Amino acid sequence: MSVNLDIFKELLMDYEDDVLTYSDMIEFRDKLKDIKDDVERKMDQYEAD
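Residues 0 to 48, numbered by numbering that gives the first Met the number 0, are exactly what the sequence shown covers, in order.
You can take every hint at face value.
Calculated cross-link-like contacts (lysine-lysine; reagent style DSSO-like; alpha-carbon spacing at most 30 Å): (1) Lys35 <-> Lys8; (2) Lys8 <-> Lys41; (3) Lys30 <-> Lys8; (4) Lys41 <-> Lys30; (5) Lys8 <-> Lys32.
Label-pair distances were calculated between CB atoms; the ranges are: (6) Ser22 <-> Ser1: 27 to 37 Å; (7) Phe7 <-> Glu46: 20 to 30 Å; (8) Tyr21 <-> Glu46: 32 to 42 Å; (9) Asp17 <-> Met42: 28 to 38 Å; (10) Asp48 <-> Thr20: 39 to 49 Å; (11) Glu26 <-> Ala47: 30 to 40 Å; (12) Ala47 <-> Val18: 41 to 51 Å; (13) Thr20 <-> Ala47: 37 to 47 Å; (14) Thr20 <-> Asp43: 32 to 42 Å; (15) Phe27 <-> Ser1: 20 to 30 Å; (16) Met42 <-> Met12: 18 to 28 Å; (17) Asn3 <-> Glu46: 14 to 24 Å.
Source of the hints: derived by calculation from the structure; they are not laboratory data.
Remember, it's a predicted structure, so these values are computed and weren't measured experimentally.
All C-beta atoms in this analysis are idealised placements derived from N, C-alpha and C, irrespective of residue type, glycine included.
Let the hints inform the model, and build the full structure from the sequences given.
Laid out in structure tokens, this is it:
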């Protein structure tokens with residue numbers, strides 16, 4: 000069981016200009032939440048096995 004870290008690379012590349020607008024920050028936050036939820040699901044599955 001593993002987590003695809005390419006999601007992090009893609010996320011950072013989306014914002015490589017180093018300047019986030021307010022709407023960018025909202026989108027960034029939401030994507031981070033999705034990543035966090037995915038990691039927690041994988042951990043729960045691992046612990047259940």
